[in-house]
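Asker: Below, each chain spelled out in residue letters.
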Amino acid sequence: MTDLIPVVSILAAALSVSFGAIGPALAEGRAVAAAMDAIARQPESAGTLSRTLFVGLAMIETMAIYCLVIAILLLFANPFLK
Amino acid sequence: MIGSPLRTDVLFHLGPVPVSSAVAVSWGIMALLVLGAWLATRRLALRPSRTQVVLELLVETIDAQVHDTMQVDPAPYRALIGSIFLFVLAANWSGLVPGIEPPTAHLETDAALAGIVFFATIVFGLRARGVRGYLASFAEPGWLMVPLNLVEQVTRTFSLMVRLFGNVMSGVFVVGIALSLAGLIVPIPFMALDLLTGAIQAYIFSVLAMVFIGAAVHPAPPSRAPDAPASSDRRDPS
Amino acid sequence: MKIDFWTLALQAINALVLIWLLARVLYRPVVRVIAQRRNAAAKLLADAEAERDRARQATAAAQAQQAELAVGREAAMKAAQADADAARTHLLAAAQAEAETLRQRAQAEQDKQLAAQQRADEQRAAMLSVDIAGRLLERLPASTRVAGFLDDLVASLQVLPESQRQQLAQAATPLALVAPRALDADERQRCMSAIQQAIGRTAALQTTVDPNLIAGLELRSPDLVLSNHLRADLDHLQHELTHADGHA
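Chains as they are written, first to last, in the numbering used here: chain A, 1 to 82; chain B, 1 to 238; chain C, 1 to 248.
Quick caveat, the hints were computed from the structure, so don't treat them as lab data. One thing to keep in mind: the hints can contain errors.
Said to hold, decoys possible - Covered stretches of chain B, as calculated for chain C (at least 3 residues, CB under 8 Å): (1) 17 to 30; (2) 80 to 86; (3) 150 to 163.
Just so you know, these numbers come straight off a predicted model, no measurement behind them. Beta carbons: idealized from backbone N, C-alpha and C, even for Gly.
All chains should be modelled from the sequences, with the hints used to inform the complete structure.
Answerer: This is the structure we're talking about:
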């Protein structure tokens, strides 16, 4: 029974990272596509657009990072695993 | 760094106080920043040298960012925002020095910075609007929003902390894994990505601090009231 | 998940200290220098602005002066134009008047010349006619050239007023009788008697010859000349002829 908790924790960590990566991946793809579109329309505002894009990508990536933090908590600081 | 990123390794004890590696590295960064600033600002002239031009550009950029984001005079917030930005940037990039872990890859440093931003928000809000005005700002769109706003104060601080920690820690983690797998050349692109991520995260951290403080200083219009703390913590300042 | 609170507190203190130090060491001096430069630039700009204002004022003053000058010049030019116009008009009028007088004078001169020429022509014609008349009369017999005129002389003497006749009679100097040719004794006698009869008393009579008379007699006293000869008639005629036209 005590062996089950590490297994479940590892599985949960893997699931959180994998599923947590799907949403931000799609969102980043959309953001980059929209930015490309905007730059193609208005090449003169490419500087502002790319700066905003990077910040936005970092914000979106944060969601995946949250999942990574959860995974790491499960792996290294699991409260159920004494 | 393959071990737990949540563990603090104590280097030595200063009396009863355990000094971790993050604190030591922070001291090094502080010494570097203050010494560099002191050396650079020792002789300032109306006709600027090259170093002075860089310094003035930095300060004026910080001022412009503060003004753009908060729509107020940047003078009271310059030191706080600028110092946080410089420290986070230096800390993020300190991971490139061999044998040094970035202090921001440890949860305690990020928690300290986020706590400073949290208290600064309260202090500046009280100073700008008075006790009654600041407390009334929690009921901004309506009385129903009071619990939500109170929770938001905590959660957005928490998300600020975890964002910085997760990004830097993951970068260090990835570089460590790449190093353990491939060895010599392979980690370099990851380190370059780390450089970029570190700069962007420093920028995002200070921008979010500005937005929080600005929201506390300004009476926010109802449309700008945050609904979900985690997804809306970067509000458009315009 | 456990947080090392010692590290948390230390890092918070570190961050606050860093903020304080950087505010003292970095931001304050740089901002001060920027403000100084901005003030200097503002002062420079203000100076430049003042300088520009001054320059603009100077330009405006110069323009005003120029405009004034232009106005003065225009006025002067207008006055000069008016003067020139007046002078030209005056000169033109004077020239016209002069030309008119000249023309009139030339006309008068021409008229006078014409008249003189005409007069000369007439005079010549009269003289020619008188000459012709004289020549013709010379063909008269010598006796008639004197005797025929004696009666007329006497008649004219009788027509004279009494006082003059008295004066003529009492003249100290002898009367002079002018004849176209030398009178013979008989003729002389007749003349003497006729004249004395006309006067009413005897008078000394002296005869003189003057062929110019052509025909007739002339009685001369210091006060009076009685002409009764063709020369006088012709002269009179000529005078009439030449002066009649002039008066016409």
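Asker: Next, verify each hint and record whether it holds.
Answerer: Hints, verified against the model:
1. 17 to 30: Three-residue rule met by the region 17 to 30 of chain B, so holds; n is 9.
2. 80 to 86: Answer holds; 5 residues pass the 8 Å Cβ test.
3. 150 to 163: It is violated: at least three residues are needed, and the region 150 to 163 of chain B offers just 0 whose Cβ sits closer than 8 Å to chain C.
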